[in-house]
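Residue numbers (numbering that gives the first Met the number 0): 0 to 426.
To be clear, the hints were calculated from the coordinates, so they are not data collected in a lab. Keep in mind that the hints are not guaranteed to be accurate.
[Claimed, not checked] As a list, the in silico SDA-like pairs of lysine to any residue whose alpha-carbon atoms are at most 25 Å apart: (1) 109 to 43; (2) 43 to 15; (3) 109 to 167.
For clarity, every value in this text was computed on a predicted model and none was experimentally measured.
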Amino acid sequence: MTNAVLTNLAKSRTNGHPVGITSVCSAHPLVLRAALRQARRLNKSLLIEATCNQVNQFGGYTGQTPKAFVGFVADLAAQEDLSTDRIILGGDHLGPNPWRKECAESALAKAEEMVGAYVEAGFTKIHLDASMGCAGEPVALDDETTAERAARLASVAEKIARRRGATPPCYVIGTEVPIPGGADHALDDITPTSADAARETLEIHRRVFTKHNLQSAYERVIALVVQPGVEFGNDNVIPYAPCNTSGLTNLLNEYPAFVYEAHSTDYQSEEALSQLVQNGFPILKVGPELTFALRETIYALDMIASEIVEGYGARPLAAAMEKIMNDEPMYWDSYYKGSTRNKYIERHYSYSDRIRYYWGKGKAQEAWLNLENVLSRIAIPATLLSQYLPDLSLTPAQVSSPQAIVMASVERVLKRYDEACNARPRQ
Numbered sequence: 000m001t002n003a004v005l006t007n008l009a010k011s012r013t014n015g016h017p018v019g020i021t022s023v024c025s026a027h028p029l030v031l032r033a034a035l036r037q038a039r040r041l042n043k044s045l046l047i048e049a050t051c052n053q054v055n056q057f058g059g060y061t062g063q064t065p066k067a068f069v070g071f072v073a074d075l076a077a078q079e080d081l082s083t084d085r086i087i088l089g090g091d092h093l094g095p096n097p098w099r100k101e102c103a104e105s106a107l108a109k110a111e112e113m114v115g116a117y118v119e120a121g122f123t124k125i126h127l128d129a130s131m132g133c134a135g136e137p138v139a140l141d142d143e144t145t146a147e148r149a150a151r152l153a154s155v156a157e158k159i160a161r162r163r164g165a166t167p168p169c170y171v172i173g174t175e176v177p178i179p180g181g182a183d184h185a186l187d188d189i190t191p192t193s194a195d196a197a198r199e200t201l202e203i204h205r206r207v208f209t210k211h212n213l214q215s216a217y218e219r220v221i222a223l224v225v226q227p228g229v230e231f232g233n234d235n236v237i238p239y240a241p242c243n244t245s246g247l248t249n250l251l252n253e254y255p256a257f258v259y260e261a262h263s264t265d266y267q268s269e270e271a272l273s274q275l276v277q278n279g280f281p282i283l284k285v286g287p288e289l290t291f292a293l294r295e296t297i298y299a300l301d302m303i304a305s306e307i308v309e310g311y312g313a314r315p316l317a318a319a320m321e322k323i324m325n326d327e328p329m330y331w332d333s334y335y336k337g338s339t340r341n342k343y344i345e346r347h348y349s350y351s352d353r354i355r356y357y358w359g360k361g362k363a364q365e366a367w368l369n370l371e372n373v374l375s376r377i378a379i380p381a382t383l384l385s386q387y388l389p390d391l392s393l394t395p396a397q398v399s400s401p402q403a404i405v406m407a408s409v410e411r412v413l414k415r416y417d418e419a420c421n422a423r424p425r426q
């Protein structure tokens, strides 16, 4: 579909009626089903984004290339009776991040190939993220270097779109990009990007893109990623403080064609999300909170089955996940610190939800299918639902389906985002 929904975000803001859109950053099939189902029910467009680590030309941690992911989403959409014309596909953090331990030229060459694969597959929203240093470079790069590398990636995207005869993509740029997936430590405070820094980023990118004859690509830059002072770590969440971003909000009056893209909005209140939309951050990215809700509900069902299904065992799904994570620690080991007990708690319950990297593993899928099978054959007593899922409102049809119970939990998160995206400012 066209990106009119995205390009209209700035227009809606300048017309005094800001609206937002939820960016669903997940590759889990139940999360995507829940999002597709909500979009169909509300008759709305759906923005789904895949990250450079989830999906790339080598498969990412999901094992899917961009082309495979597009087919995967299309199959789910068909099953949920939602036209793919209503789906916007975005690529998140597209740049050298997966290969940043390599030298810059090697990492950028792979990033070019990845961006090309995304555009070739039909992704129409591209987040150009070349802000991180590669081997031998500073952790965060200056605006000039970042812009040069972003232009290099945009050039590839433009060529592929022209070759395909496809609508060229819209872009998101930025240099003060929050850590993908959340911080890896406790947070006390986050300093928002200054208006001066954001202005400089926009101007440098404009100049660099023009230098490389990419003016038309720059005209399709719809959003800038800045730090709005919103973040989450393993154990805590920094709530949005609107008073700290007034300078950024006012800056959009100088650049009426732009809005901000808000990363790491997971776990924010509906009021905070609504304030972000009203203040010029209408693209609300959420990912770990969705799989956090999924994990909470699956673990609750695991405990319910342990209580009522003879021979099921004592939380075998949670035990399976613990074994999988310990057998393959690469996705959590460098993120969780402290005692053995603390690492255990973080593996299973942290806000950063790095357990999400493991749901696609064979043993994890076996454990889930076993749980789904045993609970599908019985009626879960209302008293146990009250004990383990007290805040989840379920229909009788949902109660009989473990998959529907999990999706209801995810939809509850998505509903909060939808309400925030369409809220009107308080008088």
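Do the hints match the structure? See the list:
1. 109 to 43: violated (35 Å)
2. 43 to 15: holds (21 Å)
3. 109 to 167: holds (21 Å)
The structure does not agree with numbered hint 1 stated previously, though it agrees with all others.
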